[in-house]
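K.L.:
According to our numbering, the stretch in the sequence shown is residues 1 to 172, in order.
Honestly, the hints are just simulated from the structure, not real lab data.
C-beta atoms are modelled at their ideal positions from N, C-alpha and C, and glycine is treated no differently.
Among the hints, erroneous ones may be present.
Each pair of labels, with its calculated beta carbon distance range [stated by the list, open to error]:
#1 99 / 15: 36 to 44 Å
#2 111 / 17: 31 to 39 Å
#3 47 / 12: 15 to 23 Å
#4 101 / 42: 17 to 25 Å
#5 62 / 16: 22 to 30 Å
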Amino acid sequence: MIESLKTTPSSRRHIVSAWNPAEVDEMALPPCHAMFQFYVHERPDGVKELSCQLYQRSADMFLGVPFNIASYALLTYLIAHEVGMEPGEFIWTGGDCHIYSNHLEQVKKQLGYGNDPRVIPIPRVSPTRTPNSLSKRRNLLFLITSMKTLSSSIISIIRGFLPPSRFRTIDA
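Construct all of the structure, not just a fragment, from the sequences and the given hints.
P.N.:
As structure tokens, this is what we get:
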């Protein structure tokens, strides 16, 4: 995928599919986030942006989807960095979207927090923007801004995704 994005950025075939009909019966659970596609757009100023669209066939809206959105947005950010592009849009599409009945009390509690939905975390990758191999990175530091207004479940998801030594919060 990385090489394809570098050599043929205009291709419409930057697709990863986890769905294999021949193996679905053998799986403990068929993949929920079944397919994603990268798309490269060149802005009028010549800068290339990398966008990602994720199709999720089954979506646990309270616990799974926030983690999946954070993970794939971060993946888009990292791959854009890797191929020398700017991160563009992240588009999420859900098939069977649901909230499990045993989560309803927690959902009501979270909805009562009064978070400002206009404030979102903004990831920043340190050190400087130099494309290199993702597999060779050892000293990435992720800075997440505007954390004060996020719900505790989203903060714990982001913290759970990153090693403690690579996580800091900065209030904007």
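K.L.:
Determine for every hint whether it applies to the structure shown.
P.N.:
Hint check:
{"no.": "1", "hint": "99 / 15: 36 to 44 Å", "result": "violated (29 Å)"}
{"no.": "2", "hint": "111 / 17: 31 to 39 Å", "result": "holds (34 Å)"}
{"no.": "3", "hint": "47 / 12: 15 to 23 Å", "result": "holds (20 Å)"}
{"no.": "4", "hint": "101 / 42: 17 to 25 Å", "result": "violated (47 Å)"}
{"no.": "5", "hint": "62 / 16: 22 to 30 Å", "result": "holds (26 Å)"}
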